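Enquirer: In the order they appear, the protein sequences are chains U, G and Y. Just so you know, we're using the numbering used here here: the first sequence kicks off at 8 and counts up by one. Just so you know, we're using the numbering used here here: the second sequence kicks off at 8 and counts up by one. Just so you know, we're using the numbering used here here: the third sequence kicks off at 8 and counts up by one.
In case anyone wonders, no lab produced these hints; they're calculated from the structure. This structure is a prediction, so every number in the text was calculated from the model and none was measured. Keep in mind that the hints are not guaranteed to be accurate.
If several chains are the same, the list does not tell them apart, and a pair holds so long as it fits within one copy or across any two.
Listed next, the in silico DMTMM-like pairs over lysine to aspartate or glutamate satisfying Cα-Cα at most 20 Å (straight line) [as the list claims (entries may be wrong)]:
| id | residue 1 | residue 2 |
| --- | --- | --- |
| 1 | K17 | D110 |
| 2 | K159 | D88 |
| 3 | K254 | E305 |
| 4 | K55 | E287 |
| 5 | K339 | E349 |
| 6 | K350 | D110 |
| 7 | K103 | D124 |
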Amino acid sequence: MKLTVEQLAKRLGAELVNTGGQAQGKISAIGPVEAAGENDITFVKSDKHIAALIKSRAAAAIVQKSIEGYNGAQLIVKNVDTALIEVLNIFAPELKKPTREIDPSARLGKNVKLAEDISIEPNAVIDDNVEIGENSIIGSGCKIGENTKIGKNCQLDSNVVIHHNCQIGNNVIIQANSTIGSTGFGYSFIDGTHKLIPHNGGVVIEDFVEIGANCCIDRAKFGNTIIGAGTKIDNLVQIAHNVVIGKCCLIAGQVGISGSCKLGDGVVLGGQVGLADNIEIGDGTMISAQAGVANNIEAGRQVAWTPAIDKRKAFRIVSSLMRLPKMAEQFKQMVNRIEELEKDK
Amino acid sequence: MKLTVEQLAKRLGAELVNTGGQAQGKISAIGPVEAAGENDITFVKSDKHIAALIKSRAAAAIVQKSIEGYNGAQLIVKNVDTALIEVLNIFAPELKKPTREIDPSARLGKNVKLAEDISIEPNAVIDDNVEIGENSIIGSGCKIGENTKIGKNCQLDSNVVIHHNCQIGNNVIIQANSTIGSTGFGYSFIDGTHKLIPHNGGVVIEDFVEIGANCCIDRAKFGNTIIGAGTKIDNLVQIAHNVVIGKCCLIAGQVGISGSCKLGDGVVLGGQVGLADNIEIGDGTMISAQAGVANNIEAGRQVAWTPAIDKRKAFRIVSSLMRLPKMAEQFKQMVNRIEELEKDK
Amino acid sequence: MKLTVEQLAKRLGAELVNTGGQAQGKISAIGPVEAAGENDITFVKSDKHIAALIKSRAAAAIVQKSIEGYNGAQLIVKNVDTALIEVLNIFAPELKKPTREIDPSARLGKNVKLAEDISIEPNAVIDDNVEIGENSIIGSGCKIGENTKIGKNCQLDSNVVIHHNCQIGNNVIIQANSTIGSTGFGYSFIDGTHKLIPHNGGVVIEDFVEIGANCCIDRAKFGNTIIGAGTKIDNLVQIAHNVVIGKCCLIAGQVGISGSCKLGDGVVLGGQVGLADNIEIGDGTMISAQAGVANNIEAGRQVAWTPAIDKRKAFRIVSSLMRLPKMAEQFKQMVNRIEELEKDK
Chain U
8 MKLTVEQLAK RLGAELVNTG GQAQGKISAI GPVEAAGEND ITFVKSDKHI AALIKSRAAA
68 AIVQKSIEGY NGAQLIVKNV DTALIEVLNI FAPELKKPTR EIDPSARLGK NVKLAEDISI
128 EPNAVIDDNV EIGENSIIGS GCKIGENTKI GKNCQLDSNV VIHHNCQIGN NVIIQANSTI
188 GSTGFGYSFI DGTHKLIPHN GGVVIEDFVE IGANCCIDRA KFGNTIIGAG TKIDNLVQIA
248 HNVVIGKCCL IAGQVGISGS CKLGDGVVLG GQVGLADNIE IGDGTMISAQ AGVANNIEAG
308 RQVAWTPAID KRKAFRIVSS LMRLPKMAEQ FKQMVNRIEE LEKDK
Chain G
8 MKLTVEQLAK RLGAELVNTG GQAQGKISAI GPVEAAGEND ITFVKSDKHI AALIKSRAAA
68 AIVQKSIEGY NGAQLIVKNV DTALIEVLNI FAPELKKPTR EIDPSARLGK NVKLAEDISI
128 EPNAVIDDNV EIGENSIIGS GCKIGENTKI GKNCQLDSNV VIHHNCQIGN NVIIQANSTI
188 GSTGFGYSFI DGTHKLIPHN GGVVIEDFVE IGANCCIDRA KFGNTIIGAG TKIDNLVQIA
248 HNVVIGKCCL IAGQVGISGS CKLGDGVVLG GQVGLADNIE IGDGTMISAQ AGVANNIEAG
308 RQVAWTPAID KRKAFRIVSS LMRLPKMAEQ FKQMVNRIEE LEKDK
Chain Y
8 MKLTVEQLAK RLGAELVNTG GQAQGKISAI GPVEAAGEND ITFVKSDKHI AALIKSRAAA
68 AIVQKSIEGY NGAQLIVKNV DTALIEVLNI FAPELKKPTR EIDPSARLGK NVKLAEDISI
128 EPNAVIDDNV EIGENSIIGS GCKIGENTKI GKNCQLDSNV VIHHNCQIGN NVIIQANSTI
188 GSTGFGYSFI DGTHKLIPHN GGVVIEDFVE IGANCCIDRA KFGNTIIGAG TKIDNLVQIA
248 HNVVIGKCCL IAGQVGISGS CKLGDGVVLG GQVGLADNIE IGDGTMISAQ AGVANNIEAG
308 RQVAWTPAID KRKAFRIVSS LMRLPKMAEQ FKQMVNRIEE LEKDK
């Protein structure tokens, strides 16, 4: 795909300024300010990239306001993020379309209900009573357990395993090697051994949820583990049994959420955060990377550290900590000075 | 499955009291106190749920002693945990039975020895000289490497990979997408590059071990990586080469155990705990979530924090830490007061 | 495989001393000093194992210099590590050779280019335009996406997923259930929802990279996520979009590297380390296990802790911390003593 700057501006509904004579040049790719070359378009999302843009060789830039000193064409848009997604889609690598066929090597159980235009790739195994909505894609080597329902426009990458009695909404993405509906880590200690507690519940994944690669979401003991609509989950995330996550949360890589936690809407968890079991996290809470949370957190709080505390307080404590060895040294001197004073009394 | 309260009591060997006229009502499910509805049975495992039970709409409750003020039927049992597991099994979702057949798409190598009633699901690959005991289930897309032995009553979920020369005992569960017998992370730095040390050893997983989804257990360089009987492992856990884990340990999600660690029996590791290599953890040790352990720990200790220390000491240090910024402030004032005193001397 | 001590010495080019009459005995295995038996050879890599060697029953030992008091045969070599790898290869378990065939159940797309002596195991799915170099092995259940190129002598274990437009060099190992080229965790918040940013880039994995089991390496938004030649990666590691890792790095288990981080050459990351996004780590930096890094680190530094600081400073701070509760106690007493002095003024 190659487009002139003018064609691109038209596609984005952008105001084209300062074309510097390049409006007819062909653009074939988009790149960040530091890397964009002579045939590329770039973009400026924050003021800190302006200096780099001015030095950049990029033929054109998507900007929110005109930038002085840059020689390329400027495409002024209302929302750089929106335009960036559009340009990335324009220059996306050309890949073959979903087959919209059921590969002959795929295995379908009894009473499977498949809507129109579904793609089922080689060696996928679909158990009895599964339902899959239109346009969904089931990757190679996937396993879908009995009675599970998958909505429309879903994308399961290769080797995803979804166990029985799970409900996947519409427009859900689950990346490769993830496991949904695994049995949770719940044991009762009886007669000297740990007996597994049966997990009769399921997993409900609502619309527009996106789940990374190699994630695990355990099924519930009773009821359902629930991932709210629009929530996005990064790779290698562990979500235990009976967890309930609200809408539009962002959960970064390697987070671990223990059993029966309840997260509100719009919660943001940084990478490697850990939540102890049975805690409640209010709407809009932001938890910094690697924090360990052992208690409920009210809505709208920003917390950090292990044990997780108010982020500004954590910052002050860490600052004090950095001076602690010196303070301990001074402390000894003060004890001596007090002793001197006491002697003179 | 629907049962009357009386039928359930009989199944559990429970004393039925205070039926409130509901003993003939049909029960179809079990739920926690807060969620159980009019056709459900619930349970009370600790006194903190008594208040909730009294408000609950549940038709019946499994309890250890009669609870005053609750209007439903009470099923008094010796051990609520045992009864709970039994009721969960009674109300378990109905799923098809294991096929007890070898799917024609499964691939069997030479000299494979399969006992009776084994289920091998589609596209599983079983290499030469593998042995599998009776009633075991090999999920779809699994790969079992050469010479590996799997005992009876084992359950391998889909896409599990077990490499060559591993030994899996009886009644072992390994959940989806886990990898057993991968080559460990052992390198020698020779002539300017890292050379992989061959891993000639294997993995031994003893009876009644249960392993979550997306776990990794590396094979040994010499001898075996060993997981002791009855040990339970949550999802996304990393167990490195030559680790030896005792019996009946509980290892929560995302724990990482480095090479050649030795854990005693009954060790409990909280989520995201990390153990440095070559350390020994005594029997019955409990290590709190996210702790980082760099030294041996004696039997029976409870430790927390990074670096891991006695749990109560960690608690005191954290308490002091919370007051550290204020203490630093007061410290400055004290210095001034001492200076004043010294001036007056 | 059984060899006499003399034969082994010859194979290793070792000087054989103090044979104690055992030079004709047959050796069949190698083991560590504590575990090696009468028919085994062992090795001493550091002085701390000398005492154990003297008590050992091992028939022979690989050593760098002659050790007094040990009764077995000693094979003196220049580099124990090199000799150890050689002996491990000599005594490696006998396994069948790669098939060097394309299993009939494997699925090949259009225009796939396969060099000589490639093994493709059952149920692997190779998409259009994939190229694979000579001697490479594609494990069972693997999925290789469109246009991806894999070099020669590569080994992909079972159920590895490599998405489209990735480039894998020569002599690369990727262990089971790993995912390469997954879409990164990049969203723009537009009109009240998180929109996925298209990931047009790929992943480049250079020669001699080795990647553990159940790892995730995300593709780039633009350009490539890059893993430099000779870098070794343990299990369950998360590498986000647009990360660039230098040559010969060592990345231990469960490390998480956030988006657009740049690591130099020879960087060593301990287990469970987390790097915030967009930071630069200089050549030869060593980051201790569980550290959380939020800022750039200069070349050659050794850091530890969260937030990561100079390792020696971290050690001093932790030492002070251990004494903090006592210091807080003494602090109260000092305040009292100062008050006494002030009263007397």
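Enquirer: Is it within, between, both, or neither for K55 and E287, if the alpha carbons may be no more than 20 Å apart?
Expert: Between copies only: 17 Å across chains, 37 Å inside a chain, cut-off 20 Å.
Enquirer: Classify it for me, K159 with D88: is the Cα-Cα distance of at most 20 Å met within a copy, between copies, both or neither?
Expert: neither (27 Å within a copy, 40 Å between copies)
Enquirer: With identical chains, the pair K17 and D110 could be close in the same copy or across copies; at 20 Å between alpha carbons, which is it: within, between, both, or neither?
Expert: neither (41 Å within a copy, 51 Å between copies)
Enquirer: Between the shortest in-copy and the shortest cross-copy C-alpha distance, which are at most 20 Å for K254 and E305: within, between, both, or neither?
Expert: within (17 Å within a copy, 40 Å between copies)
Enquirer: Given identical chains, is K103 near D124, meaning Cα to Cα at most 20 Å, within a copy, between copies, both, or neither?
Expert: within (15 Å within a copy, 28 Å between copies)
Enquirer: Pop the pair K339 and E349 into one bin, within, between, both or neither, using alpha-carbon distances up to 20 Å.
Expert: Both ways: K339 and E349 sit 15 Å apart in one copy and 17 Å across, limit 20 Å.
Enquirer: When no copy is named, should K350 and D110 be tagged within, between, both, or neither for a Cα gap of at most 20 Å?
Expert: The answer is neither: 93 Å in one copy and 91 Å across copies each exceed 20 Å.
Of the numbered hints given earlier, the model fails hints 1, 2 and 6; all others are met.
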